[in-house]
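Peer 1: Sequence:
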Amino acid sequence: MAIAGPIPIAFEHVFPHGCYLVGEVEQVKDFTASTGGRTVFAKDKTTGELVWQVAVMDADPAAKLAQKTVAVKIIAPVQPVPPPSTPGLPITPVEFEQMTVTPYVHQTTGRLAYSLRARSMRAPRTVAASTKQTGAAGKEVAA
Numbered sequence: 001m002a003i004a005g006p007i008p009i010a011f012e013h014v015f016p017h018g019c020y021l022v023g024e025v026e027q028v029k030d031f032t033a034s035t036g037g038r039t040v041f042a043k044d045k046t047t048g049e050l051v052w053q054v055a056v057m058d059a060d061p062a063a064k065l066a067q068k069t070v071a072v073k074i075i076a077p078v079q080p081v082p083p084p085s086t087p088g089l090p091i092t093p094v095e096f097e098q099m100t101v102t103p104y105v106h107q108t109t110g111r112l113a114y115s116l117r118a119r120s121m122r123a124p125r126t127v128a129a130s131t132k133q134t135g136a137a138g139k140e141v142a143a
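If you count the sequence shown from 1, position 26 lands on 26 in full-length UniProt numbering, and the numbers rise without skipping.
Hints in this document: simulated from the structure, not taken from any laboratory.
Note that the structure is a prediction, hence the values are computed from the model and not measured.
Careful: at least some of the hints might be erroneous.
[As the list claims (entries may be wrong)] In silico lysine to any residue, SDA-like type, Cα no more than 20 Å apart, as pairs: (1) 43 <-> 71; (2) 43 <-> 30; (3) 45 <-> 7; (4) 73 <-> 114; (5) 73 <-> 83; (6) 29 <-> 39; (7) 29 <-> 48; (8) 29 <-> 51; (9) 68 <-> 115; (10) 73 <-> 30; (11) 73 <-> 124; (12) 43 <-> 80; (13) 45 <-> 8; (14) 64 <-> 18; (15) 73 <-> 32; (16) 73 <-> 2; (17) 43 <-> 32; (18) 73 <-> 120; (19) 73 <-> 31; (20) 68 <-> 91; (21) 45 <-> 71; (22) 68 <-> 117.
Using the sequences provided together with the hints, build the complete structure.
Peer 2: What follows is the structure in structure tokens.
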């Protein structure tokens with residue numbers, strides 16, 4: 001099969017309505033390698049870089065309550081820094097770059113689940129910064 005490992009996916013496909021930080025960036029522990037009082041932190045199998053995790057809230061109004069908050073793992077040599085908060089908003093909007101998705105079967109429920117990874121996070125692009133918009137007739141027009 002041609003698909004091996006994480007599948008590249010655009011941020012807009014995962015979070016078409018955007019997402020917001022609802023937690024701190026935390027380093028992921030390697031529970032298999034950690035023993036007793038010694039904590040070992042996870043490293044990406046491909047790059048060897050550290051694995052970090054942040055909780056985000058999906059802004060999709062149709063998302064079920066149980067699916068609103070998801071974890072995104074970030075592969076980076078140092079702790080990623082969240083974008084600055086937006087004045088007037090109680091939560092911080094964020095976008096992820098170079099995202100991948102890995103489907104798996106959840107051990108407890110037996111249902112299909114997804115692991116989301118990214119290489120970095122940043123403040124969302126503004127509408128003016130996007131290269132194309134859809135016009136009233138449904139055709140793409142330059143911004």
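Peer 1: Each hint needs a verdict: does it hold in this structure or not?
Peer 2: The hints, checked one at a time:
1. 43 <-> 71: Given that 20 Å is the threshold and the Cα spacing comes to 17 Å, the pair holds.
2. 43 <-> 30: 8 Å, holds
3. 45 <-> 7: 15 Å, holds
4. 73 <-> 114: 12 Å, holds
5. 73 <-> 83: 16 Å, holds
6. 29 <-> 39: Roughly 7 Å separates the two Cα atoms, so the pair holds.
7. 29 <-> 48: 14 Å, holds
8. 29 <-> 51: Roughly 8 Å separates the two Cα atoms, so the pair holds.
9. 68 <-> 115: Holds, because 15 Å separates the two Cα atoms, which is no more than 20 Å.
10. 73 <-> 30: It holds: about 13 Å lies between the C-alpha atoms, which stays within 20 Å.
11. 73 <-> 124: 18 Å, holds
12. 43 <-> 80: Satisfied, since the Cα-Cα distance of roughly 15 Å is no more than 20 Å.
13. 45 <-> 8: Status holds; Cα separation ~16 Å.
14. 64 <-> 18: 15 Å, holds
15. 73 <-> 32: 18 Å, holds
16. 73 <-> 2: Cα-Cα ~24 Å, so violated.
17. 43 <-> 32: Holds, because 12 Å separates the two Cα atoms, which is no more than 20 Å.
18. 73 <-> 120: Distance ~9 Å between residue 73 and residue 120 Cα, so the pair holds.
19. 73 <-> 31: Within the cut-off at roughly 16 Å; holds.
20. 68 <-> 91: 14 Å, holds
21. 45 <-> 71: 19 Å, holds
22. 68 <-> 117: 17 Å, holds
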